[in-house]
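Engineer: The listed protein sequences derive, respectively, from chains A and B. The letter at position 233 of the first sequence is residue 233 when you use the numbering used here, and the numbering goes up by one with no holes. The letter at position 51 of the second sequence is residue 347 when you use the numbering used here, and the numbering goes up by one with no holes.
Below, a list of computed lysine to any residue pairs in the SDA-like style, where the Cα atoms sit at most 20 Å apart:
#, chain 1, residue 1, chain 2, residue 2
1, B, K318, A, D4
2, A, K190, B, K420
3, B, K300, A, D4
4, B, K316, A, L39
5, B, K299, A, M1
6, B, K319, A, I38
7, A, K238, A, P176
8, A, K6, B, L301
9, B, K319, A, R41
10, B, K414, A, V95
11, A, K88, B, E425
12, B, K319, A, Y27
13, B, K319, A, L44
14, B, K318, A, Q42
15, A, K141, A, Y27
Simulated DEER-style distance windows between Cβ atoms:
#, chain 1, residue 1, chain 2, residue 2, range
16, B, L390, A, E144, 54 to 60 Å
17, B, Q396, A, D241, 50 to 56 Å
18, B, D391, A, Q63, 43 to 49 Å
19, B, T340, A, Y156, 16 to 22 Å
20, A, G237, B, T419, 44 to 50 Å
21, B, E449, A, K14, 48 to 54 Å
22, A, T83, B, K420, 19 to 25 Å
23, B, E449, A, G43, 45 to 51 Å
24, B, K299, A, N187, 40 to 46 Å
25, A, D213, B, T340, 38 to 44 Å
26, B, G398, A, P223, 40 to 46 Å
27, B, N351, A, Q22, 28 to 34 Å
28, B, G450, A, E295, 45 to 51 Å
29, A, L147, B, T419, 38 to 44 Å
If you want the footprint, here are the derived chain A segments under chain B, 3+ residues with CB under 8 Å:
#, stretch
30, 6–19
31, 105–115
In short, the hints are calculated from the structure, not lab data. Built from N, CA and C at the ideal position, the CB exists for glycine as well.
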Amino acid sequence: MIHDFKYLRASTAKEALELIEQHKDDYKIICGGQSLLILMRQGLVAPECLIDIKHLDELNYIQFDKKEGLRIGATTSHRTVETSLLVKKHYPLLVEMEQNIASIQTRNWGTIGGNLAHGDPAGDPGPVFIALNGKVKVANKERERTLPLEEFFIDYFETALEEDELLLEIQIPPIPSKTAVTYEKFNIIKNDQPIVSVAASITLDEDGLSCKDTRIVLGAAAPAPARAREAEKLLVGKKMDDQLLKNVGEVASKEADPVDDIHATESYRKQLVNVLTRRMLGKAWKQAMGLAREEA
Amino acid sequence: MEKKLLRITVNNEYHELYIKPKKLLVEVLRDELGLTGTKRGCNTGACHACTVLLNGESVKSCSVLAMQADGAQVSTVEGLQDKGKLSPLQRSFLDHGAYQCGFCTSGMLMSATALLNKNPDPTKEDIKEGIHGNLCRCTGYNSIIRAIKAVAEGKYKEDDR
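Build the full structure now, drawing on both the sequences and the hints.
Structural biologist: Shown next, in the form of structure tokens:
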């Protein structure tokens, strides 16, 4: 049963920020509401005031620039990202990720900004965007600021957004040369939320073999999507080798801090982190070596 | 709580009504406008029986606030027929026995309508993806897929009904 609330529809980002300022004691932003309405129906979230930004066309865009990379406005729907030719050309992994999120109906109405701001540790875009070294632009009435996505997720359903701030844009830099990024989620039913997910990126050195830089990002494996930094350290300067990937998987698994719930136990999730980390790194590494050979 | 004015066009008919902002689109369609073809299944966004088209895109009407559809065009299963004649998809569903208990049917028809509007020549895989979210607990998926495929193959032209 959804509790009553005051409904306010913003028609510009500026107006949304003013409404937030006026109602900041007890409000929620709704965009697609595909996650929020579930929580409201369960009575877990019962704001006095709901500020609707779904119709902010000024935040509904996808732009790409070779230097700056990709910019996605916060109110852009999942389906728009999924079917964007620009995204398909430059970040095909994002298309694959979107195709595996929920259903077309959910992706038609749900938005990329809403997904991130919801702060669900089992969200798909979070880990992928972190692996892609993404940033978010947020604003309050006075100013804008940009922060890396790896600093955006704080805890279960908690983000770095201040109470007077609105998420405006997601920024993904161009993918560096000799770099591959992979993502996989493990679930029982296709397109469900992950029981555990892992995103991995590998950037190779001049030799086209050794790891120069890497990111391993764990989803649904801790209170927030996060990098497995100890595991990453083992890779830098190394060449791919099965034993190395095995060790890295084990270290990543130790860094994970998952919960027991109806979907899986903690130890099962840790084992999934181990296996998926190994697989995603191996896949990214092979792809990156292929790219390095093409460049040479 | 203060009621809000909702202006909504459903199956080409314009309505103005005052609703509590917490009303979901499915509640307005069924309880206020009496369009009970749209089914309220799980009411948690999982079963997709409540699928309708909102400005041409399929959405779950249990997961959209009615106020978010202010000014929008909505199509429900009642809007598929034309002057009392069933749409090609509806006729194909009948011919292929794509109804068992029938509860998922309106959602299936709306998802299939959205699919064929965007992609008139879908593969079997496209069809499966198009109805992926729509659960049929009688598990009659094969006949549903065959029914959609038959329409895509042109077996149900508008003029031969």
